[in-house]
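Visitor: Each chain, written out:
Protein chains: 2
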Amino acid sequence: MMENIKHIPENGKKRVVIIGGGFAGLKLARQLANTAYQVVLIDKNNFHQFQPLFYQVATSGLEPSSIAFPLRKIFQKKRNVHFRMADLLEVNPNIHEIYTNLGKLKYDCLVLATGVDTNYFGNKNIEQFAIPMKSVSEAIFLRNSILRNYEKALNESDPEKAANYMNIVLVGGGPTGVELAGALAEMKSDILPKDYPELDFSLMNVYLFEASDRLLNGMSDAASKKAETYLKKLGVIVKTEARVSDYDGLSIKLDSGEEFNSYTLVWAAGVIANPIKGISKIAATRGGRIRVDLFNKVAGFNHVYAIGDLAIQKEGDFQNGHPQVAQVGLQQAGNLAKNLKLLLQGEKMKPFRYKDRGSMATIGKNLAVADLPGVKMQGFFAWVLWLFVHLMSIVGIKNRFFILINWVWNYFTSDQSLRILIRPKKRSFTDRASEEHQRIKKINLN
Amino acid sequence: MMENIKHIPENGKKRVVIIGGGFAGLKLARQLANTAYQVVLIDKNNFHQFQPLFYQVATSGLEPSSIAFPLRKIFQKKRNVHFRMADLLEVNPNIHEIYTNLGKLKYDCLVLATGVDTNYFGNKNIEQFAIPMKSVSEAIFLRNSILRNYEKALNESDPEKAANYMNIVLVGGGPTGVELAGALAEMKSDILPKDYPELDFSLMNVYLFEASDRLLNGMSDAASKKAETYLKKLGVIVKTEARVSDYDGLSIKLDSGEEFNSYTLVWAAGVIANPIKGISKIAATRGGRIRVDLFNKVAGFNHVYAIGDLAIQKEGDFQNGHPQVAQVGLQQAGNLAKNLKLLLQGEKMKPFRYKDRGSMATIGKNLAVADLPGVKMQGFFAWVLWLFVHLMSIVGIKNRFFILINWVWNYFTSDQSLRILIRPKKRSFTDRASEEHQRIKKINLN
Numbered sequence: 382m383m384e385n386i387k388h389i390p391e392n393g394k395k396r397v398v399i400i401g402g403g404f405a406g407l408k409l410a411r412q413l414a415n416t417a418y419q420v421v422l423i424d425k426n427n428f429h430q431f432q433p434l435f436y437q438v439a440t441s442g443l444e445p446s447s448i449a450f451p452l453r454k455i456f457q458k459k460r461n462v463h464f465r466m467a468d469l470l471e472v473n474p475n476i477h478e479i480y481t482n483l484g485k486l487k488y489d490c491l492v493l494a495t496g497v498d499t500n501y502f503g504n505k506n507i508e509q510f511a512i513p514m515k516s517v518s519e520a521i522f523l524r525n526s527i528l529r530n531y532e533k534a535l536n537e538s539d540p541e542k543a544a545n546y547m548n549i550v551l552v553g554g555g556p557t558g559v560e561l562a563g564a565l566a567e568m569k570s571d572i573l574p575k576d577y578p579e580l581d582f583s584l585m586n587v588y589l590f591e592a593s594d595r596l597l598n599g600m601s602d603a604a605s606k607k608a609e610t611y612l613k614k615l616g617v618i619v620k621t622e623a624r625v626s627d628y629d630g631l632s633i634k635l636d637s638g639e640e641f642n643s644y645t646l647v648w649a650a651g652v653i654a655n656p657i658k659g660i661s662k663i664a665a666t667r668g669g670r671i672r673v674d675l676f677n678k679v680a681g682f683n684h685v686y687a688i689g690d691l692a693i694q695k696e697g698d699f700q701n702g703h704p705q706v707a708q709v710g711l712q713q714a715g716n717l718a719k720n721l722k723l724l725l726q727g728e729k730m731k732p733f734r735y736k737d738r739g740s741m742a743t744i745g746k747n748l749a750v751a752d753l754p755g756v757k758m759q760g761f762f763a764w765v766l767w768l769f770v771h772l773m774s775i776v777g778i779k780n781r782f783f784i785l786i787n788w789v790w791n792y793f794t795s796d797q798s799l800r801i802l803i804r805p806k807k808r809s810f811t812d813r814a815s816e817e818h819q820r821i822k823k824i825n826l827n
Numbered sequence: 382m383m384e385n386i387k388h389i390p391e392n393g394k395k396r397v398v399i400i401g402g403g404f405a406g407l408k409l410a411r412q413l414a415n416t417a418y419q420v421v422l423i424d425k426n427n428f429h430q431f432q433p434l435f436y437q438v439a440t441s442g443l444e445p446s447s448i449a450f451p452l453r454k455i456f457q458k459k460r461n462v463h464f465r466m467a468d469l470l471e472v473n474p475n476i477h478e479i480y481t482n483l484g485k486l487k488y489d490c491l492v493l494a495t496g497v498d499t500n501y502f503g504n505k506n507i508e509q510f511a512i513p514m515k516s517v518s519e520a521i522f523l524r525n526s527i528l529r530n531y532e533k534a535l536n537e538s539d540p541e542k543a544a545n546y547m548n549i550v551l552v553g554g555g556p557t558g559v560e561l562a563g564a565l566a567e568m569k570s571d572i573l574p575k576d577y578p579e580l581d582f583s584l585m586n587v588y589l590f591e592a593s594d595r596l597l598n599g600m601s602d603a604a605s606k607k608a609e610t611y612l613k614k615l616g617v618i619v620k621t622e623a624r625v626s627d628y629d630g631l632s633i634k635l636d637s638g639e640e641f642n643s644y645t646l647v648w649a650a651g652v653i654a655n656p657i658k659g660i661s662k663i664a665a666t667r668g669g670r671i672r673v674d675l676f677n678k679v680a681g682f683n684h685v686y687a688i689g690d691l692a693i694q695k696e697g698d699f700q701n702g703h704p705q706v707a708q709v710g711l712q713q714a715g716n717l718a719k720n721l722k723l724l725l726q727g728e729k730m731k732p733f734r735y736k737d738r739g740s741m742a743t744i745g746k747n748l749a750v751a752d753l754p755g756v757k758m759q760g761f762f763a764w765v766l767w768l769f770v771h772l773m774s775i776v777g778i779k780n781r782f783f784i785l786i787n788w789v790w791n792y793f794t795s796d797q798s799l800r801i802l803i804r805p806k807k808r809s810f811t812d813r814a815s816e817e818h819q820r821i822k823k824i825n826l827n
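Chains as they are written, first to last, in the working numbering: chain A, 382 to 827; chain B, 382 to 827.
Think of the hints as simulated: they come from the structure by calculation, not from any bench. Among the hints, erroneous ones may be present.
What the hints assert, rightly or not - Not everything, but these chain A residues come out facing chain B in the computed CB check (under 8 Å):
no., residue
1, N427
2, S538
3, D576
4, E579
5, N720
6, L723
7, L725
The beta-carbon is built from N, C-alpha and C at its ideal position, and this holds for glycine as well.
Given only the sequences and the hints, what does the whole structure look like? Please build it.
Guide: Structure follows, in structure tokens:
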């Protein structure tokens, strides 16, 4: 018999339980702060992660803490909001209860905002050896891997073997792949040769493989073409219609039969939603996304909502669902917050309608592409806009300030100073996490 | 047969191999840059660590990267300095060779600057469960442990059990213990109650246990007394002549028979030098320190030197060796650098003479103690001096600037924002490191 999560009072308020403190979940929790609801926000981490800048952490340009913000701090003075660091195990929608590793909890309204994870499309080899980029820890892992591989390259006398450690292969030509490729190309030209004067950097290649026929598939043709031009100018080897079929940790095989060698393969080729026990079997599509109506209510359930990347909603021009970008999640969270407030007043909810504010990607210093409603920009002004928009979206004034200083510093020196490889202490949290995982498995859900 | 470390040219220059990039090793390498020597600096990490501020990383006040500086960056333009991230396995002084996990290397002059590690005095239980504080990773580990334990406290309905997670016990009343105690007491009063409004902080205690009869044993009586007064004012429970004899992860036993409960025990009660195969058996004292003469030459060997915390030198007023503080290592490095340059010119080396510049410790906001030559200070001015001296000792202008901003921010808001618990990705570096360790073991030293 699982006990209740402790210290969450039964105080007569309707309880909204939000699973996931990403863009969507965090915005909803913030908008329901200081309302008549009791809000319980649950995330497996104790911080919100700003995903658009993961690639700068991976390339030693920003500190993890600049793009990770402690959730407790955000809700310090919001007495109706309770945060818990916990893993969701299962939902029982019949009795309005969720189960976590901290215990169970009743809800009046459940909002799922767990987002998506890396999709390896069932390829176990790739899953084992490739590096994903869907969390701050994974970005740090990539940073550490790159630094470690350069140390290894230095101890190879055979230049071809050294090149295997120096090469970096990025799979997936979406914003993550494109932005990483650009940042790595800049590291190759500006930083790495200074750090490793003994290595021959003409041997190093940054590859970007995309399965479809163009980069930045969600953006305009003009943006795609320009992004490819910029990347090639920076020295990236871009290959479209290139499908990676296998990887053994060193040798990368393409469908075409071509082979490449690299100890560093970053997999940003697709996403999938992790299944939610009790919900997904009934409401999920093949990609794991949860079907919702225009009010973000999950198909087949009452009092259960899904927002953000996890949700798939037929709406207006988006009959196959919206793109999985921050803007959709933020807007859905805003609409759901309004609707939950209307509900309190006994009023009718309003359907969601997505307002496309455009999209952008940065490739390098002074180089970005932006598709805005009514105008497409490339180059310096797009880059300045990109910087501004991302800076303003960061949680916390101090973070904003630190990122700005880092950017200005890096711009003028072209030499980020964060190339440190911190290895965990003996008892790593992986071990502890797995101990906990074992414990969780043993908990009897009855 | 072990191969040579690659890409270190034999160019007729005398080769100085320095093991350890701490205060002493780093200073020596810097002073030998752009000389007629070839310098090879070896460290197990790719960064220099600024130990005096570990406690601020542990208490979420500073970013690890602010006090860790990439060694490669320091030597980017020094073409006679080669850095290698490697573990020293053994020294063969007869044939002037060292062995590392990257291969072997001949030296003309070997300088050992590997410092010291935590000493558990043979108590295996304490070693297993206590948290040490001798590296950035260990400081991060402590930060994560504290944050994790507060999340656990929150899920206890029994206040006594919750208190076990909230209490923090520090063993060792030196600067580390004192500075940590002060910072934790300030977290207790200023930060934690805001983050965890559901918890009763009157249950939380910060304990500081010291085996001798006073805190800060290396400092004046006035400093010791004042430090204790300050700590008590901040709410720390200070116990001198308190020897911890056992710890099982929760229950702490003192020699006196008293028992205390806490899941967080920080062990800063002693240091010991890790043995160096090929050297220590002949030249080490019981505490592992290597005996050196007034030129820092290791007793019984030629062309082998030891500097910093690792070395023990009878000199002037210090017939039992100098205190193990940064100043000694820095001054020894400076003297050795001068001597090695004299050697090049065929001149006579000069003996080392320690110039005590004083010592200080900070307890909290506006509270510090300082023993300077000729003057002892406590309180606000000592604190400002402490800030200034530490800021100026940090490597890197950007680091200095970031630390300054963090300090100013934290001073006025009393709310550090770095309370994030980042867990490593699936394949942790611990695993990899241990794989490598296995590989190293297999290397045949012949």
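Visitor: If a hint holds in the structure, say so; if it doesn't, say that too.
Guide: Outcome of the hint check:
1. N427: holds, 5 Å
2. S538: holds, 5 Å
3. D576: holds, 4 Å
4. E579: Status holds, d = 4 Å.
5. N720: violated, 28 Å
6. L723: For L723/A, the interface hint is violated, since the closest Cβ of chain B sits about 29 Å away, which is over 8 Å.
7. L725: violated, 24 Å
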